[in-house]
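K.L.:
These two chains come separately, so use the hints to put the complex back together.
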Amino acid sequence: MTRSRLLIVVALLAVLAAVSWSARPRAETPAERVDRITSELRCVVCQGLSVKDSPSESARQMRDIVAQRVAEGRTDDQIRDEFRASYGDWVVLSPPLASWTGLVWLVPIVALLAGLAVAWRRLRAPPSTLPEPAPAEVAALRERVAREEALDVVADTP
Amino acid sequence: MPRWLRLTIVVAIAALVMVLVLAFRRAPTDIRTGTVGKPSVAMNVTRLEGGDLTFGGRTDKVVVVNFFASWCVPCKEENPALVRVYERYRASDVVFVGVLYQDSPENGLKYIHDNGVTWPTGIDTDGRIAFSYGVFGIPETYFIGADGVIAGRHIGPIDETTLVNGIESLRAKAQK
Numbered sequence: 001m002t003r004s005r006l007l008i009v010v011a012l013l014a015v016l017a018a019v020s021w022s023a024r025p026r027a028e029t030p031a032e033r034v035d036r037i038t039s040e041l042r043c044v045v046c047q048g049l050s051v052k053d054s055p056s057e058s059a060r061q062m063r064d065i066v067a068q069r070v071a072e073g074r075t076d077d078q079i080r081d082e083f084r085a086s087y088g089d090w091v092v093l094s095p096p097l098a099s100w101t102g103l104v105w106l107v108p109i110v111a112l113l114a115g116l117a118v119a120w121r122r123l124r125a126p127p128s129t130l131p132e133p134a135p136a137e138v139a140a141l142r143e144r145v146a147r148e149e150a151l152d153v154v155a156d157t158p
Numbered sequence: 159m160p161r162w163l164r165l166t167i168v169v170a171i172a173a174l175v176m177v178l179v180l181a182f183r184r185a186p187t188d189i190r191t192g193t194v195g196k197p198s199v200a201m202n203v204t205r206l207e208g209g210d211l212t213f214g215g216r217t218d219k220v221v222v223v224n225f226f227a228s229w230c231v232p233c234k235e236e237n238p239a240l241v242r243v244y245e246r247y248r249a250s251d252v253v254f255v256g257v258l259y260q261d262s263p264e265n266g267l268k269y270i271h272d273n274g275v276t277w278p279t280g281i282d283t284d285g286r287i288a289f290s291y292g293v294f295g296i297p298e299t300y301f302i303g304a305d306g307v308i309a310g311r312h313i314g315p316i317d318e319t320t321l322v323n324g325i326e327s328l329r330a331k332a333q334k
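Chains as they are written, first to last, in the numbering used here: chain A, 1 to 158; chain B, 159 to 334.
The calculated label-pair distances, taken between Cβ atoms and stated as ranges, are:
id, chain 1, residue 1, chain 2, residue 2, range
1, B, Thr283, A, Ala85, 17 to 25 Å
2, B, Gly295, A, Ala14, 54 to 62 Å
3, B, Trp162, A, Gly48, 36 to 44 Å
4, B, Asp284, A, Ala85, 17 to 25 Å
The set of hints was computed from the structure by calculation and includes no laboratory data. Glycine residues also receive a C-beta, built at the ideal position from the N, C-alpha and C atoms.
So that you can see chain B by itself, here it is in the shape it has in the complex (with noise of 0.2 Å):
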């Protein structure tokens, strides 16, 4: 076999294990395509519990954007760290606002009065909200910096660490 030969064999094996180690060291909780370093767009939508609900877009607070549904089951297992968060959180320069994703209103409402949501909450009432964001399925949670970029999100059921580890590094990126 030739010597260019055998070298392009190598080359090419090197590369393909490159790819398969930078493909499968990359968390599927978070796909950083799309939306993520963009900077979100204000909306406005209907909330739950009635009246308007206005968020994204630049409002020198740290938001957290969570899309759930009542019939998505691993929503309601992570629904208790997302409110000991918000407890944590809620007096200071951190915003939660929920998204209902393919939902109907009666049932989001009864979902966050028997699952203890008490941060506002907005009906994704035609998917424009979810497309914005680029969601691929839920539950998904975005968290959007001061300067109003979405600075990350995270795919599936989210926990408590992950909840603070994201919201801690954008306070520290708004505080300097």
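So here's chain A without its partners, still in its complex pose (with noise of 0.2 Å):
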């Protein structure tokens, strides 16, 4: 092996072992546990902003509600039902998939697949065919083209 050849695969398994030191799992800390449950959970004064995001009073006291759930030791799935329970399915940004709400995520695909099928059958259909006209109209066709050429001819004589 050459010696660059030697430094590409040295610079390679450098990059490697940097990001495999960057993705390795870490315990999130607390803070960051309310920053991430609360950036799921909406503001219920507010017009599509998280609860995280809002700088509203009633975000603020449910920032705190979220932080005594954290320390208390509570996991996410407890944290999230008790904001179910106080204002429903709706308190969560990003709705369940196993309630009514689902449908949110349900429509698209179903609309999706839908459109591929339509797409589908559309491509695999055979190319249309018009029919063939009759004789007698392909006659007449004939004789009125010959018409309007013979007063084509007229028309360009000088």
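P.N.:
In structure tokens form, the structure reads like this:
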């Protein structure tokens, strides 16, 4: 192996080691957990803002509740369930699949599959062929073309 | 267009219309999600005038819980109706409870003195009471049956008729 090839291999190994190191599983701090959970909950007095992002007093109080529950050792599901018990599935920014709000996820998939099915049928269908014209129709058209060409010849004559 | 596709489109449009009709016929003051239909939690809070106030849970009485604040203009608008209905039922099996929401005790105390609020009123210092009831914004009024279950909620300023109807339906249910 030449020296340059060795350098490339060493560089690739270094990149791989760096990526592996940065992607290693590590324990989430309580503050990170609070941020993550509150980013998944809807602020009840805002328009489309999460509890984490909202500056409102209600959101601040909800963040405090989440922080307290995290400190008490509750699981993510237990905390989310407590919010859902008070405000329904609406309070979760990503609606759960196992309820009627799961339609939010299912409808686009069903619509996409239906569209694909239509497109597939169209592609597989044989090209549409026009019916042969009747001999009388052909004769009439030829006669009309001949008549119009004769008129053109007359008009072009100086 | 194939028959099955036409049928699918018709069914999809019918489903959309049905969803819209169901969504728009619901009153925005009566959102039946979250805590409605579930047992209320017994709470012990600090009274505005001092001392403790316990409400919620099974009390064998109809309880009306009203969330308000001194900075809330619609709360002042609904207050005369609350005062009139409270006076009407004060000697009966109906209990009124006020909960001061996101406000200072001083402002809350001034509000209840200025607006003739004589029913017991507690302070929700950290929003835990509002959270446990699922309050979206004030004013909000909850009707708790004698069995302790939250039977209904009214979002926004409440009027006398809605209050009386809510109370009477729960009293009738309790007497059965």
